[in-house]
Amino acid sequence: EAQVTQNPRYLITVTGKKLTVTCSQNMNHEYMSWYRQDPGLGLRQIYYSMNVEVTDKGDVPEGYKVSRKEKRNFPLILESPSPNQTSLYFCASIVQGVGTGTEAFFGQGTRLTVV
Amino acid sequence: QKEVEQDPGPLSVPEGAIVSLNCTYSNSAFQYFMWYRQYSRKGPELLMYTYSSGNKEDGRFTAQVDKSSKYISLFIRDSQPSDSATYLCAFNQGGKLIFGQGTELSVKP
Numbered sequence: 001e002a003q004v005t006q007n008p009r010y011l012i013t014v015t016g017k018k019l020t021v022t023c024s025q026n027m028n029h030e031y032m033s034w035y036r037q038d039p040g041l042g043l044r045q046i047y048y049s050m051n052v053e054v055t056d057k058g059d060v061p062e063g064y065k066v067s068r069k070e071k072r073n074f075p076l077i078l079e080s081p082s083p084n085q086t087s088l089y090f091c092a093s094i095v096q097g098v099g100t101g102t103e104a105f106f107g108q109g110t111r112l113t114v115v
Numbered sequence: 116q117k118e119v120e121q122d123p124g125p126l127s128v129p130e131g132a133i134v135s136l137n138c139t140y141s142n143s144a145f146q147y148f149m150w151y152r153q154y155s156r157k158g159p160e161l162l163m164y165t166y167s168s169g170n171k172e173d174g175r176f177t178a179q180v181d182k183s184s185k186y187i188s189l190f191i192r193d194s195q196p197s198d199s200a201t202y203l204c205a206f207n208q209g210g211k212l213i214f215g216q217g218t219e220l221s222v223k224p
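Protein sequences appear in the order of chains A and B.
Taking the working numbering, the leading residue of the first sequence gets 1, the next gets one more, and so forth.
Taking the working numbering, the leading residue of the second sequence gets 116, the next gets one more, and so forth.
Just chain A, same shape as in the assembly:
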């Protein structure tokens, strides 16, 4: 079954304590992305990766890091979380079809609270 798996689903942490949210996909997609979803703001792209060892900033990259050492995994790292990073995070594995547009397969989401 095609899947994007994120962990953890829920996380409460304190300001400044480094954390990593893992993301793994089994569809062999080259393109992966991280989004945060906030009320009234919709889904905003944090970082994306078009291939192994290739990552780029999205619209809201401040305070986040990513790495892409292998095709299936794309972890999101918050080195010093702050309360304004409290949000719902989604990892997506994306396929760009010819004539069919771009389809994103999303993980279940990670609800992060920074206190």
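Rather than coming from a laboratory, the hints here were simulated on the basis of the structure.
Misleading hints may appear alongside valid ones.
What the hints assert, rightly or not - Listed below are the simulated BS3-like cross-link pairs for lysine-lysine, each with C-alpha atoms no more than 30 Å apart in a straight line:
{"id": "1", "chain 1": "B", "residue 1": "Lys-117", "chain 2": "A", "residue 2": "Lys-57"}
{"id": "2", "chain 1": "A", "residue 1": "Lys-57", "chain 2": "B", "residue 2": "Lys-211"}
{"id": "3", "chain 1": "B", "residue 1": "Lys-157", "chain 2": "B", "residue 2": "Lys-211"}
{"id": "4", "chain 1": "A", "residue 1": "Lys-17", "chain 2": "A", "residue 2": "Lys-71"}
{"id": "5", "chain 1": "B", "residue 1": "Lys-157", "chain 2": "A", "residue 2": "Lys-69"}
{"id": "6", "chain 1": "B", "residue 1": "Lys-117", "chain 2": "A", "residue 2": "Lys-65"}
{"id": "7", "chain 1": "B", "residue 1": "Lys-157", "chain 2": "A", "residue 2": "Lys-17"}
{"id": "8", "chain 1": "B", "residue 1": "Lys-157", "chain 2": "A", "residue 2": "Lys-18"}
{"id": "9", "chain 1": "A", "residue 1": "Lys-57", "chain 2": "B", "residue 2": "Lys-185"}
{"id": "10", "chain 1": "A", "residue 1": "Lys-65", "chain 2": "A", "residue 2": "Lys-18"}
{"id": "11", "chain 1": "B", "residue 1": "Lys-211", "chain 2": "A", "residue 2": "Lys-65"}
{"id": "12", "chain 1": "B", "residue 1": "Lys-211", "chain 2": "B", "residue 2": "Lys-185"}
{"id": "13", "chain 1": "A", "residue 1": "Lys-65", "chain 2": "B", "residue 2": "Lys-157"}
{"id": "14", "chain 1": "A", "residue 1": "Lys-57", "chain 2": "B", "residue 2": "Lys-157"}
{"id": "15", "chain 1": "B", "residue 1": "Lys-211", "chain 2": "A", "residue 2": "Lys-18"}
{"id": "16", "chain 1": "A", "residue 1": "Lys-71", "chain 2": "B", "residue 2": "Lys-157"}
{"id": "17", "chain 1": "A", "residue 1": "Lys-71", "chain 2": "B", "residue 2": "Lys-211"}
{"id": "18", "chain 1": "A", "residue 1": "Lys-69", "chain 2": "B", "residue 2": "Lys-211"}
Claimed, not checked - Sample of chain B residues lacking proximity to chain A, with all beta carbon distances greater than 10 Å (derived):
{"id": "19", "residue": "Leu-126"}
{"id": "20", "residue": "Val-134"}
{"id": "21", "residue": "Gln-146"}
{"id": "22", "residue": "Glu-160"}
{"id": "23", "residue": "Asp-173"}
{"id": "24", "residue": "Lys-182"}
{"id": "25", "residue": "Phe-190"}
We treat Cβ as the ideally placed atom computed from N, Cα and C, and that holds for glycine.
Put chain B on the given structure of chain A with help from the hints.
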């Protein structure tokens, strides 16, 4: 001006109603027009896509695009309680996906 504008709702309708969800956009370079559906506590899933002006039907759902007015719509006929979800419009520009804010829909039995 925001690149994409979508009425956040919430929108509440009785079962069987026709629902109209709308987005406006400002970027003429958008190539594909999509609708994603997001159930509570889940990630969004692609519902429909189209790349040209006009209508595209899929069962009870119709996606409509008007490129000249930079306006897209999703119509749901004979709405069901199972249609209760947040609907997000999405646009593709060179592989980058740009989402609307999402409209929360509730269909009451």
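Original post:
Does the structure break any of the earlier hints, and which numbers would those be?
Top reply: 21, 22
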